[in-house]
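> In case you want the letters, here they are:
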Amino acid sequence: MTGYALLTPSLIGIVVFLLVPIVVVIWLSFQKWDLLAPLTAVGLDNWTNVLTDAAFGNSLLVTLAFVVLVIPVQTALGLFVAVLLNRRLPGSGAFRVIYVVPWVCAPLALGVVWNWIFAPTGGALNALLGTHVPWLSEPALALPAVAAVTIWSQVGYVTLFFVAGLAAIPEQILEAARVDGAGPTRVFWSVTVPLLRPTLFFVLVTSVISSFQVFDTVYALTKGGPQARTDVIAYSIYRTAFTDFNLGQASVMAIVLFAILVVVTLGQQLYFRRRITYDLS
Amino acid sequence: MKRSRFLLAVSVLTVGVLALAGCSAGGGDDDDGGGGSTTVTFRTWDENAAEAYKQSFAEFHEKNPTITVKIDVVPWSDYFTSLRTDVAGGNADDIFWINNSSYGSYASGGKLIDVDKALGAGAKKAWAPSVVAQFTQDDALWGVPQTSDGGIAVYYNKKLLADAGLSESDISHLTWSPNASGDDTLLPVSEKLTKDAAGTTADESGFDPSNITQWGYSAAEDLQAIYLPFIGSNGGTFQKADNSFTFTNPKTEQAFSYIVDLINRYHVSPGAADTNGNGDFTKDQFLQGKIALFQSGLYNLANVAGNAKFEWGVVPLPAGPAGAVSVTNGIVAAGNAHSAHLDATKKVLKWIGSKEGNQFIGATGANLPAVTAAQQTYFDYWKGQGVDVSPFFDVIKDNPTIPAPTGANFNAAGSAYKPILDEVFLGRLPVDKGLAQAQAAANKAMAG
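As you go down the protein sequences, you meet chains A and B in turn.
Residues in the first sequence are numbered consecutively from 837, following the working numbering.
Residues in the second sequence are numbered consecutively from 6, following the working numbering.
Treat each hint with caution, since some may be false.
Keeping only pairs whose Cα atoms sit at most 30 Å apart, straight-line, the calculated DSSO-like set for lysine-lysine is [unchecked claim]:
#1 1059/A to 295/B
#2 449/B to 868/A
#3 256/B to 449/B
#4 245/B to 402/B
#5 355/B to 75/B
#6 75/B to 122/B
#7 314/B to 388/B
#8 1059/A to 449/B
#9 130/B to 388/B
#10 1059/A to 438/B
#11 402/B to 163/B
#12 245/B to 868/A
#13 1059/A to 245/B
#14 245/B to 256/B
#15 402/B to 130/B
#16 130/B to 68/B
#17 352/B to 122/B
#18 868/A to 423/B
#19 423/B to 1059/A
#20 868/A to 1059/A
#21 355/B to 130/B
#22 360/B to 388/B
#23 360/B to 402/B
Derived from the structure by calculation, the hints contain no laboratory data.
Given only the sequences and the hints, what does the whole structure look like? Please build it.
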């Protein structure tokens, strides 16, 4: 009993901020509510409306495309930078800070800056290239542009974890590999990368979840346009709830996103569980 | 990681739900009147107006020492999202500014104080009739009129005009007609005022539309300043009496075609890639001396007066086949029907609906007061600044106007049709096809 009593403070937090909202959102998904008029129960209407809505299907595809654009580049770049920083060359401490700066900055403030960089007239990028490209309103370019900004701001965060992971690899193991005649490439792929798997698992799980939930950058740069090419699911939920004031349908979309994330995360866990077997202690 | 805003939205929603679920609204820490002191909160999106209200409420406090009014400024971009969630969560201010396209659902949801009942049905005689009419629904008035926007007119840059060899008489009676046929002076004047990097104007041969350094006119996807006036001036309509949209009205379609041609065919206005996503683009370019004719409303007057580093003036809205038909749009301060101190709130509403209380926003030049007797303060202020504001008023005085957008689901309709109009203005979707799609999407969203 004492055990449960001691748990109470954190349990309250979990119930109030996690469990209750989840239950409320599930309940809301069967209601029609515009925040002003009284709620009315509508049965499965919200569910059938959302699940048959082509725009919602588009949002799922756009989000998937976004994740596919962001995750490999961001992870590879983060690992690359971490390896460079790990060489402890003079000044690498400063670089470590510089890489994290974009991640520390307020995303909406960054959005304003990138809006200016991408502006067709008077924008920094076009001035630099001597072009007049509408980066954010050209359907083929908008999603890659948003993905690029996301990668730029997230790489430092990913790097941070890889640097910590690399530092935790005992020097003797690397040394032993070299003594056995392994070259730098071989050491990297056969020793360093396998030993980094716990870090990689953590980085992938958190960055996949956050990519599925990308919102700020889209809100600041494209508002879902052009032609709904950047209408990622989190932005679509926000718009449905707080511009269209259709809380019921927004709840359905939130639950679908939640379900997708649970499945994706479980899948990642299954994959990595079989492969992380190293005990370095 | 980067989901703070999303989480915020979700938690706001949660708080709203919790409040509904029984945590009940409001503070209730102080009583109405009586001996204690009461704080009434007041929300607006306009910084300039907030400064004026500060003076107004200081005077109110002197007359009513037991009531203090606290002002909250919430930026326009977030205003209607946070207002709605705050009202739902029982955390809204006692009094808040609200506009014509939003108040309807608050009124029908029972969230607003009925001004006729609170201040008496005779009170409205003191206020601008156009604003009273805009905010009357189900035979009741749902806010105390605060600002009256005047109409739309055209700010112009005197230097750019002179450089092009034009004088004010060339632009003081601008006209336009569909397809720029017949009696159209807006297009030729705008062409003379549009230049590429080599200094070639848009009406000369060799003009390079891919390298424009100065635009003649500010056509853009701007509801209030551009396309509503063009629609009205062509005799078209935007909404029917039942609030459904009429984008495919032939006159409305002609107006849109004309605007889109100004941008994409004649290149006398900035491209939609610049203006669709940035509502301030034309204003900023005008202030930087890169747009010669900037069509806008009084809401930009303080801005232009404060920031233009060149000589400027104001001329009337260009007239179309149906004359110069502008939109005019008022703002009210609505009372929160679930305020914890209704009596004090009503006293403040009465004060800001009086000449004494409302005149400050005129005297500082921030906005035209909606209390008719207080309006002179505004004209006096701008006269003192040497600015003639009559073009903004002549266009709505004794002239027909086109109604401002309205309807309980207007926000949802707007978010449904905007992406389609974006494509039309970018020239990627033909005007007729785009307007048909926009109308269908908007009407579907309007129906809920």
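> All hints are to be evaluated individually against the structure, with a verdict given for each.
A quick look at each hint next to the structure:
For a cut-off of 30 Å, the pair hint linking residue 1059/A to residue 295/B stands: about 27 Å separates their Cα positions. Between residue 449/B and residue 868/A the CA atoms are separated by roughly 16 Å; this keeps the pair inside 30 Å, and the hint holds. Note on residue 256/B and residue 449/B: the hinted pairing holds, with a Cα-Cα distance of about 22 Å set against a maximum of 30 Å. For the hint pairing residue 245/B with residue 402/B, the CA-to-CA distance comes to about 23 Å; that is within 30 Å, so the pair holds.
Straight-line distance between C-alpha atoms of residue 355/B and residue 75/B comes to about 16 Å, which keeps the hinted pair within the 30 Å bound. A threshold of 30 Å between alpha carbons decides the hint, and for residue 75/B with residue 122/B the separation of about 25 Å falls inside it, so the pair holds. At roughly 19 Å between alpha-carbon atoms, residue 314/B and residue 388/B fall within 30 Å of each other, so this suggested pair holds. Between residue 1059/A and residue 449/B the CA atoms are separated by roughly 21 Å; this keeps the pair inside 30 Å, and the hint holds.
This hinted pair checks out: residue 130/B and residue 388/B have alpha carbons roughly 27 Å apart, not beyond 30 Å. Note on residue 1059/A and residue 438/B: the hinted pairing holds, with a Cα-Cα distance of about 23 Å set against a maximum of 30 Å. The suggested pairing of residue 402/B with residue 163/B holds, with an alpha-carbon distance near 26 Å, which does not exceed 30 Å. Among the hinted pairs, residue 245/B with residue 868/A is consistent with the structure: their alpha-carbon atoms are about 26 Å apart, no more than 30 Å.
Restraint check for residue 1059/A and residue 245/B: the C-alpha separation of about 29 Å stays at or below 30 Å, so the hint holds. Between the alpha carbons of residue 245/B and residue 256/B the distance comes to roughly 14 Å, so the proposed pair stays at or under 30 Å and holds. Restraint check: the Cα-Cα separation between residue 402/B and residue 130/B comes to about 18 Å, which is no more than 30 Å; the hinted pair holds. About 24 Å separates the Cα atoms of residue 130/B and residue 68/B, which keeps this hinted pair within 30 Å; it holds.
Using a Cα cut-off of 30 Å, the hinted pair residue 352/B and residue 122/B holds, with the two alpha carbons roughly 13 Å apart. Under the criterion of a C-alpha separation no larger than 30 Å, the hint pairing residue 868/A with residue 423/B is consistent with the structure, at around 24 Å. A hinted pair counts as satisfied when its Cα atoms are at most 30 Å apart, and residue 423/B with residue 1059/A qualifies at roughly 11 Å. Between residue 868/A and residue 1059/A the CA atoms are separated by roughly 25 Å; this keeps the pair inside 30 Å, and the hint holds.
Annotation: proposed proximity of residue 355/B to residue 130/B holds, straight-line Cα distance about 13 Å (limit 30 Å). Taken as a hint, the residue 360/B and residue 388/B pair is honoured in the structure, with Cα atoms around 20 Å apart against an allowance of 30 Å. Distance hint between residue 360/B and residue 402/B is fulfilled; the C-alpha atoms sit about 22 Å from each other, no more than 30 Å.
The structure agrees with every numbered hint stated previously.
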